[in-house]
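Protein sequence lines correspond, in order, to chains Y and G.
Mapping to our numbering: the first sequence position 54 is 54, numbers consecutive.
Mapping to our numbering: the second sequence position 290 is 290, numbers consecutive.
Please note: incorrect hints may appear among the correct ones.
[Stated by the list, open to error] Derived pair list, reagent style DSBU-like, types lysine-lysine, alpha-carbon separation capped at 35 Å: (1) G/387 with Y/89; (2) G/387 with G/223; (3) Y/89 with G/390; (4) G/413 with G/356; (5) G/356 with G/472; (6) G/214 with Y/7; (7) G/387 with Y/7; (8) G/18 with G/390; (9) G/115 with G/79; (10) G/115 with G/356; (11) G/171 with G/456; (12) G/291 with Y/89; (13) G/291 with G/440; (14) G/223 with G/130; (15) G/440 with G/341; (16) G/341 with Y/7; (17) G/115 with G/88; (18) G/291 with G/387; (19) G/443 with Y/89; (20) G/291 with G/171; (21) G/214 with G/443; (22) G/115 with G/254; (23) Y/89 with G/356; (24) G/189 with G/440; (25) G/189 with G/130; (26) G/356 with G/443; (27) G/254 with G/291; (28) G/214 with Y/89; (29) G/223 with G/115; (30) G/341 with G/254; (31) Y/7 with G/79; (32) G/341 with G/387; (33) G/223 with G/356; (34) G/456 with Y/89; (35) Y/89 with G/189; (36) G/223 with G/254.
[As the list claims (entries may be wrong)] Simulated coverage check for chain G against chain Y, where a stretch passes if three residues somewhere in it have a Cβ under 8 Å from a Cβ of chain Y: (37) 58-69; (38) 104-112; (39) 165-179; (40) 250-256.
Keep in mind the hints are simulated off the structure, nothing from the lab.
In this text, a Cβ means the ideal position worked out from N, Cα and C, and glycines have one as well.
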Amino acid sequence: MDIDVRKIAQLSRIRLTNHEAQELGPQLNSILGYIEQLQEVNTDGVAAMAHPHDSAMPLRSDIVTNSNRRDALQAIAPQTESGLYVVPKVIE
Amino acid sequence: MSWEVVIGLEVHTQINSKTKAFCGCSTEFGAEPNSQTCPVCLGMPGQLPVLNNEAVQKTILTGLAIDATINLESKFDRKNYFYPDLPKGYQISQFTVPLVEHGHLDIPVEGGGEKRIGITRIHMEEDAGKSMHEGLDSVSHIDLNRSGVPLMEIVSEPDMRSADEAVAYLKQLHQLIRFLDVSGADMEKGQFRCDANVSVRRFGAPLGTRAELKNLNSFRFIKQAIDYEVVRQIEIIEDGGQVVQETRLYDSVKGESRSMRSKEEAHDYRYFPEPDLPALRVTAEEVAAIKAGMPELPSQLRQRFEREYGLSSYDADVLSQTLELARYLEDLIAAHPANPKIAANWLANELLGRLKESGHEIVNSPVSASALGLLLDRIADNTISGKIAKDVLDEMMRCGQSADTIIEAKGLKQVSDTGAIDAMIQTVLDANPDSVAEFKSGKDRLFGFFVGQVMKASRGQANPALVNERLKLLLNS
């Protein structure tokens with residue numbers, strides 16, 4: 001197995017220098033090596049695990065607990081206008 | 001050689017819980033932009049989702065209503081993609097093990113009978129925010145109030161063979177969802193959205209390559225978009241080409257679709273188990289309790305209307321089309337319990353037509369069920385005739401006043417005073433001596449003519465039964 005570092009970076013919207021890409025490729029591939037080792041274990045008849053903690057999910061009652069904190073939450077946004085987040089145009 | 005059309009549908013319907021799927025933010029529609037957000041639904045680092053029990057209950061209820069299997073253990077996964085209205089960079093969804101599987105819905109087919117459409121699964125997931133591009137040059141605007149609103153994605157088997165069947169399925173599903181009260185399902189508000197997977201093949205051939213149509217937000221557009229797509233695919237194949245598997249966006253204004261496939265990678269969702277959420281476990285007892293609380297479904301309601309109220313199967317069908325209409329009928333019958341059948345007739349034949357003309361829906365009818373009930377009381381107690389009542393209803397639609405107020409103000413009260421009616425009859429008989437003579441010589445059908453003349457003389461206000469009775473007496477005297 002060989003990871004396409006450039007493709008992964010593109011999917012994750014992470015910009016890599018050539019040097020970083022060269023460094024990360026072997027590192028990610030060595031992780032895949034460990035996984036390949038794990039895949040040698042025979043898991044026939046073993047149910048897939050949903051979560052490492054064998055706990056059931058706690059559920060929440062349907063009650064509104066949050067109030068409008070827009071001003072505080074938008075204080076860290078790079079750009080807003082009339083309460084809307086402003087981002088670079090996303091469709092052609 | 002003819003072609004067979006194969007359609008599978010994915011419906012996203014917003015669960016009508018008060019709060020979002022994983023946080024305590026309100027889901028109310030139409031609030032100030034970004035006023036209903038918090039660090040969880042904004043995707044701030046380190047925030048943990050906690051699932052809304054109401055959303056779980058409503059998904060199970062929907063699953064039970066389509067005769068599906070409820071998985072007592074289901075799982076959540078991350079669906080990764082980049083878009084500014086998805087702040088976490090992934091959508092929490094159920095990929096490997098959904099809460100609901102293997103259901104079905106029976107749809108009416110042309111020429112009578114039903115067809116069973118398989119429902120592969122219903123899984124829970126969260127909605128994205130809303131992007132706005134219109135009127136903006138180099139930027140887009142993002143409102144994240146919708147981010148994290150719980151959705152059910154209802155995935156059908158590729159069992160439909162025409163655009164009409166697809167629409168029939170969607171209408172049936174829409175009605176079911178409204179009756180279960182699990183979603184507002186208002187298509188204009190994006191609470192019930194449909195994607196269609198469409199392919200064509202020669203009869204008996206294996207499945208063709210499908211295209212996914214997005215952005216189908218009305219029953220009419222769904223039919224148009226599918227019809228357009230079928231023609232497009234057949235043309236490609238008949239010209240010796242091949243259909244490409246892709247996502248296409250339907251433009252209802254232009255009546256055509258265009259490919260959305262700009263980048264191959266866009267479809268690489270890299271699903272993996274959601275590490276922030278352990279398995280969702282429900283017990284058989286919980287499922288049984290939800291089943292016990294199942295509300296009346298459309299077909300059951302229709303049957304009850306026939307049985308309890310003696311409605312014709314046509315009226316029962318018309319009046320059980322929507323929950324709102326059915327509730328109106330029940331309120332109307334509660335207000336005027338004397339004759340449910342007459343109440344149903346007035347609703348189906350008089351009120352609905354007037355609502356359509358004035359552009360109202362039953363929910364915002366200018367005439368409430370209790371107001372219409374009062375009008376029916378006034379017919380029943382002989383204050384006005386049924387004919388006058390129709391004029392009163394017109395006036396009620398216009399001004400919103402009560403039947404009593406209008407009857408009083410316009411002096412429409414039915415005349416049931418024998419003396420007054422006798423006087424009117426005498427005037428009519430005196431004015432038509434020839435007809436009286438003919439009647440007396442055996443022309444019985446002139447009786448109707450006299451009734452009409454008397455009713456006309458009273459401007460419709462004479463009690464028709466009394467006019468008949470007195471007229472018989474006076475003519476034969």
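Hint by hint, here is what the structure shows:
{"no.": "1", "hint": "G/387 with Y/89", "in the structure": "62 Å, violated"}
{"no.": "2", "hint": "G/387 with G/223", "in the structure": "42 Å, violated"}
{"no.": "3", "hint": "Y/89 with G/390", "in the structure": "57 Å, violated"}
{"no.": "4", "hint": "G/413 with G/356", "in the structure": "28 Å, holds"}
{"no.": "5", "hint": "G/356 with G/472", "in the structure": "42 Å, violated"}
{"no.": "6", "hint": "G/214 with Y/7", "in the structure": "26 Å, holds"}
{"no.": "7", "hint": "G/387 with Y/7", "in the structure": "76 Å, violated"}
{"no.": "8", "hint": "G/18 with G/390", "in the structure": "42 Å, violated"}
{"no.": "9", "hint": "G/115 with G/79", "in the structure": "34 Å, holds"}
{"no.": "10", "hint": "G/115 with G/356", "in the structure": "31 Å, holds"}
{"no.": "11", "hint": "G/171 with G/456", "in the structure": "47 Å, violated"}
{"no.": "12", "hint": "G/291 with Y/89", "in the structure": "47 Å, violated"}
{"no.": "13", "hint": "G/291 with G/440", "in the structure": "71 Å, violated"}
{"no.": "14", "hint": "G/223 with G/130", "in the structure": "25 Å, holds"}
{"no.": "15", "hint": "G/440 with G/341", "in the structure": "39 Å, violated"}
{"no.": "16", "hint": "G/341 with Y/7", "in the structure": "68 Å, violated"}
{"no.": "17", "hint": "G/115 with G/88", "in the structure": "41 Å, violated"}
{"no.": "18", "hint": "G/291 with G/387", "in the structure": "47 Å, violated"}
{"no.": "19", "hint": "G/443 with Y/89", "in the structure": "85 Å, violated"}
{"no.": "20", "hint": "G/291 with G/171", "in the structure": "23 Å, holds"}
{"no.": "21", "hint": "G/214 with G/443", "in the structure": "71 Å, violated"}
{"no.": "22", "hint": "G/115 with G/254", "in the structure": "33 Å, holds"}
{"no.": "23", "hint": "Y/89 with G/356", "in the structure": "42 Å, violated"}
{"no.": "24", "hint": "G/189 with G/440", "in the structure": "69 Å, violated"}
{"no.": "25", "hint": "G/189 with G/130", "in the structure": "12 Å, holds"}
{"no.": "26", "hint": "G/356 with G/443", "in the structure": "44 Å, violated"}
{"no.": "27", "hint": "G/254 with G/291", "in the structure": "45 Å, violated"}
{"no.": "28", "hint": "G/214 with Y/89", "in the structure": "21 Å, holds"}
{"no.": "29", "hint": "G/223 with G/115", "in the structure": "18 Å, holds"}
{"no.": "30", "hint": "G/341 with G/254", "in the structure": "47 Å, violated"}
{"no.": "31", "hint": "Y/7 with G/79", "in the structure": "17 Å, holds"}
{"no.": "32", "hint": "G/341 with G/387", "in the structure": "17 Å, holds"}
{"no.": "33", "hint": "G/223 with G/356", "in the structure": "23 Å, holds"}
{"no.": "34", "hint": "G/456 with Y/89", "in the structure": "71 Å, violated"}
{"no.": "35", "hint": "Y/89 with G/189", "in the structure": "24 Å, holds"}
{"no.": "36", "hint": "G/223 with G/254", "in the structure": "15 Å, holds"}
{"no.": "37", "hint": "58-69", "in the structure": "violated (count 0)"}
{"no.": "38", "hint": "104-112", "in the structure": "violated (count 0)"}
{"no.": "39", "hint": "165-179", "in the structure": "violated (count 0)"}
{"no.": "40", "hint": "250-256", "in the structure": "violated (count 0)"}
The structure shown violates the earlier hints numbered 1, 2, 3, 5, 7, 8, 11, 12, 13, 15, 16, 17, 18, 19, 21, 23, 24, 26, 27, 30, 34, 37, 38, 39 and 40.
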